[in-house]
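Visitor: All chains should be built: construct the whole structure from the sequences, respecting the hints.
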Amino acid sequence: MANAMPGSQKSVVLLGGGSTLARAMAMRFAEKGFALVLADLDTAELEVIAQDLRVRYGQSCRALHFDALDYGSHGDFAAECAKALGETPGGVVVCFGVTPVQEDAQKDFSVAHHCLDVNYTGAMSVLEHFATLFETRGSGFIAAVSSVAGDRGRQSNYIYGAAKAALSVYLCGLQNRLFKRGVYVTTIKPGFMDTKMTWGMDLPARLLTDPEQAAGIAVQAILKGRGEAYVPGYWRLIMLIIRHIPGMVFKRLSL
Amino acid sequence: MNESFKNMALAGWGRYKPVPCHVYRPERRDALLALLDGGAPDSVLARGLGRSYGDAAVNRDGSVVDMTRLNRMRSFDPETGELECEPGVSLSEIISVFLPRGWFPGVVPGTRFVTLGGAIAHDVHGKNHHRDGSFSSFVDSIDLWTPALGVVTCSPTENADIFWATVGGAGLTGVMLSVRLRLRRVESAYVTADYQRCANIDAALEAFDATDEDYAYSVAWVDCLATAESLGRSVLMRGNPVAPGRLPRGPAQKPLHTPNRFNATVPFDFPGFVLNPLSIRAFNETFYAMNRPVKDKFVDYDKYFFPLDRILHWNRMYGKRGFVQYQATFPPEGRAGLRAMLERCSVARRASFLAVLKKFGDGGKGMLSHPMRGYTLTLDLADSPGLTAFLGELDRILLDHGGRLYLAKDAVASPETIAAMYPRLEEFRGVLRRVDPDGRIGSDLARRTGIAPAAGETHHG
Ligand SMILES: Cc1cc2nc3c(=O)[nH]c(=O)nc-3n(C[C@H](O)[C@H](O)[C@H](O)COP(=O)(O)OP(=O)(O)OC[C@H]3O[C@@H](n4cnc5c(N)ncnc54)[C@H](O)[C@@H]3O)c2cc1C
Ligand SMILES: NC(=O)c1ccc[n+]([C@@H]2O[C@H](COP(=O)([O-])OP(=O)(O)OC[C@H]3O[C@@H](n4cnc5c(N)ncnc54)[C@H](OP(=O)(O)O)[C@@H]3O)[C@@H](O)[C@H]2O)c1
Chain D
1 MANAMPGSQK SVVLLGGGST LARAMAMRFA EKGFALVLAD LDTAELEVIA
51 QDLRVRYGQS CRALHFDALD YGSHGDFAAE CAKALGETPG GVVVCFGVTP
101 VQEDAQKDFS VAHHCLDVNY TGAMSVLEHF ATLFETRGSG FIAAVSSVAG
151 DRGRQSNYIY GAAKAALSVY LCGLQNRLFK RGVYVTTIKP GFMDTKMTWG
201 MDLPARLLTD PEQAAGIAVQ AILKGRGEAY VPGYWRLIML IIRHIPGMVF
251 KRLSL
Chain W
1001 MNESFKNMAL AGWGRYKPVP CHVYRPERRD ALLALLDGGA PDSVLARGLG
1051 RSYGDAAVNR DGSVVDMTRL NRMRSFDPET GELECEPGVS LSEIISVFLP
1101 RGWFPGVVPG TRFVTLGGAI AHDVHGKNHH RDGSFSSFVD SIDLWTPALG
1151 VVTCSPTENA DIFWATVGGA GLTGVMLSVR LRLRRVESAY VTADYQRCAN
1201 IDAALEAFDA TDEDYAYSVA WVDCLATAES LGRSVLMRGN PVAPGRLPRG
1251 PAQKPLHTPN RFNATVPFDF PGFVLNPLSI RAFNETFYAM NRPVKDKFVD
1301 YDKYFFPLDR ILHWNRMYGK RGFVQYQATF PPEGRAGLRA MLERCSVARR
1351 ASFLAVLKKF GDGGKGMLSH PMRGYTLTLD LADSPGLTAF LGELDRILLD
1401 HGGRLYLAKD AVASPETIAA MYPRLEEFRG VLRRVDPDGR IGSDLARRTG
1451 IAPAAGETHH G
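So the protein lines, in turn, are chains D and W. Reminder that position 83 of the first sequence reads as 83 in our numbering, one-by-one numbering, no gaps. Add 1000 to the 1-based position in the second sequence for our numbering, that's all there is to it.
If you are wondering where the hints come from, they were derived from the structure by calculation, not from laboratory data. No experiment lies behind these values; they were computed from the predicted model shown. Some clues are possibly wrong.
[Claimed, not checked] The calculated lysine-lysine pairs, modelled on DSSO-like cross-linking and capped at a C-alpha distance of 30 Å, are:
#1 W:1295 <-> D:32
#2 D:224 <-> D:83
#3 D:196 <-> W:1295
#4 D:107 <-> D:196
#5 W:1297 <-> W:1359
#6 W:1359 <-> D:196
#7 D:107 <-> W:1006
#8 W:1303 <-> W:1254
#9 D:83 <-> D:180
#10 W:1295 <-> W:1359
#11 W:1254 <-> W:1320
#12 D:180 <-> D:10
#13 D:32 <-> W:1006
#14 D:83 <-> D:107
#15 W:1297 <-> W:1365
#16 D:10 <-> D:196
#17 W:1254 <-> D:10
#18 D:196 <-> D:32
[What the hints assert, rightly or not] For each label pair, taking beta carbons as the anchor points, the in silico distance ranges come out as:
#19 W:1254 <-> D:247: 54 to 64 Å
#20 W:1287 <-> D:41: 54 to 64 Å
#21 D:232 <-> W:1313: 16 to 26 Å
#22 D:212 <-> W:1248: 27 to 37 Å
#23 W:1245 <-> D:197: 36 to 46 Å
#24 W:1249 <-> D:180: 46 to 56 Å
#25 D:114 <-> W:1075: 35 to 45 Å
#26 D:213 <-> W:1241: 45 to 55 Å
#27 D:108 <-> W:1018: 53 to 63 Å
Just so you know, even glycine gets a beta-carbon here, dropped at the ideal spot from N, CA and C.
Guide: Following this line, the structure appears as structure tokens:
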């Protein structure tokens, strides 16, 4: 039996809903007629974003409190989303994440630990709850924003990269588990996006993607049921090359 | 909260003489307030989409707050058309969201890509100025952060002096946080336009005077290379709204949608020789020849209001050195000055690729708002040797005829020139002394023209 397409039930939960990318994705979803739940730490700010989506698109949009680090709350949170939407959500997307300065993470274990906890453990913890709900129902989509940084460790960001690598591997396994249950899993791998996370960092302007464009690519990949999406697509090629640099050579480079 | 900033060289849309600034781009109201209240280390200035041509939105060695990510819509009342937004919302976004629902901004400038903050800070005018006045005619109230008074709400009835200083005040009274404005109902996204050729400037002005009242929208393109009897020959492009019932079949199906078009883009700086008196003459000849007189032509809003938006980055046409836009408004009795200015341009062969002429209605109440009853002429002038001296000559013509420059465009005028043109400048300074006694807000425009009182002593540079 063919799976129902990922967008067949038009409701979605965006975790880390206050991130630049999530707001842009929320607009794409709202445009396509999805009801939304945005969840994040700062609910006052989320309410402003939710109100904007209601004014622009006339879609129902709720703001809920969510802390990626409060693992114990994640089960109740999934139930709360269903209540807010009046149904088990059609899909869920993890957008939250933190990018510590690499040197800080090297020097201070608590920074590195926090990075792993938010980017990986928090995502894994909350997605397991949604995975079970969707698996039981036999449909839905799960997506998370990982990063090209997770494709190969580089001296400039390997602690963050390792957390994202764990997330990517987790999603790959989840996909393997859920595909036969009618649930789609998408790993989104942006390169550099022009968001509040990267504002002020010294990045080549040419390689910065604007969040609207990134969101368009991500939402399209999710709704087409793709397993993986580089954002934008040319990063697939860049990472293909980087992954294939032989170790002997790679260890001598400063990347 | 420690917001990070980026060191950038910023300029206006003319790309004339970029200056180094510390640029912040908050995405949350909290982050913005923390930045403003926590005292950014140096002087601050809000910036929208950078469509002002000169130095109004740059602050050399100071802080610039890019407002474009504070672009959330707060509420809309479909009964009255009242929209509340953060000031980083662009007119383009408003049009995309509300035109399909039958609403349009009361006033739009020649580009959609301006923010509400920018539209208010220069009290922009559109092709309907002779009927409806400038942007502020449609603004109900503003929440404004000021250095001395904190956040104040101002409107024509509440803190009215702050309101009329903020409207047209080039960002110097504070940072707008929220804006309430009225959209107007429209029945279709089309105008019926009449294109009329006028053999010279006198004929064009006659036509404006005789029949502008018959049109909701009016503007003219001027060939500023034509000389002698043809001096200032023009094509008037005037139009009226269209009821959907009158539209031809295609558009009548979707009266509130403008056709999707492919936008061209100027991918890099053109070399300096591309725009020269010869190529500009050729363009102007062609334009005049192509625009045969027609009546009642259906033209969609994008094409009629925002013709230049179809070429992205068109300012790169002027090459690396950039250009200056010069907008001069003459009072009705200053027509001789307008002629003299066109003569000066054609003799000096300082051709403007685009020159636009419009008749203004009465000015509004903004202390530094530009529009006043009369005629306004807008020229683009590439930066080339002798430009400043040439602009000085134009300024003199303008002053001699009781006219004024537009601060959204100006990049070179002196303090004396500006002071002579804006009779309410002292009143404006009085408000600044109250809202910003220590001169915490600064811009290159303010320092160059001296429009802010001299309290900015603390600023070195
Ligand atoms: C192709 C083109 C056509 C144009 N046609 C017209 C026209 O027909 N009529 C007309 O009047 N103008 C016209 N303009 C000029 C343009 O409308 C104005 O310069 C407008 O102010 C640009 O808005 P912006 O968002 O780009 O502002 P910016 O250029 O970024 O800033 C302009 C000013 O607004 C202030 N500002 C911005 N946001 C805030 C805020 N939140 N709080 C306080 N101050 C703020 C800045 O400090 C600055 O002084 C045109 C410009 C272009 C490029
Ligand atoms: N920008 C890039 O170049 C880039 C590249 C590759 C991947 N990514 C990934 O893209 C995603 C979106 O990031 P962005 O660029 O849009 O940056 P962003 O705006 O800074 O988004 C990060 C979001 O994560 C939230 N968050 C942090 N800790 C949290 C917690 N404990 N619980 C809940 N939410 C938490 C933050 O909320 P608060 O602000 O309220 O703390 C913030 O909204 C992230 O996963 C990031 O790693 C970004």
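Visitor: Please verify whether residue 83 of chain D and residue 180 of chain D have alpha carbons no more than 30 Å apart.
Guide: 27 Å, holds
Visitor: Holds or violated: are the alpha carbons of residue 1295 of chain W and residue 32 of chain D at most 30 Å from each other?
Guide: It is violated: about 41 Å lies between the C-alpha atoms, which goes past 30 Å.
Visitor: Does residue 224 of chain D pair with residue 83 of chain D here, judged by a C-alpha cut-off of 30 Å?
Guide: Holds. Residue 224 of chain D to residue 83 of chain D sits at ~27 Å (cutoff 30 Å).
Visitor: Going straight from one Cα to the other, do residue 1295 of chain W and residue 1359 of chain W come out at no more than 30 Å?
Guide: Holds, because 20 Å separates the two Cα atoms, which is no more than 30 Å.
Visitor: Does residue 196 of chain D sit within 30 Å of residue 10 of chain D, going by the straight-line distance between their CA atoms?
Guide: 29 Å, holds
Visitor: Is the hinted pair residue 196 of chain D and residue 32 of chain D satisfied, with a Cα-Cα distance of at most 30 Å?
Guide: 26 Å, holds
Visitor: Taking 53 to 63 Å as the stated bounds, is the beta-carbon spacing between residue 108 of chain D and residue 1018 of chain W within them?
Guide: 39 Å, violated
Visitor: Are residue 180 of chain D and residue 10 of chain D close enough, with their CA atoms no more than 30 Å apart?
Guide: Holds: residue 180 of chain D and residue 10 of chain D sit about 21 Å apart, inside 30 Å.
Visitor: Does residue 196 of chain D lie within 30 Å of residue 1359 of chain W when you go C-alpha to C-alpha?
Guide: 44 Å, violated
Visitor: Is the hinted pair residue 1303 of chain W and residue 1254 of chain W satisfied, with a Cα-Cα distance of at most 30 Å?
Guide: Judged against 30 Å, a Cα distance of about 16 Å means the pair holds.
Visitor: Would you say the C-beta atoms of residue 212 of chain D and residue 1248 of chain W sit inside 27 to 37 Å of each other?
Guide: Given about 34 Å between the Cβ atoms, the range holds.
Visitor: For the pair we were handed, residue 83 of chain D and residue 107 of chain D, check the Cα-Cα distance against 30 Å.
Guide: 43 Å, violated
Against the hints set out earlier in the document, violations occur for numbers 1, 3, 6, 11, 13, 14, 15, 23, 26 and 27.
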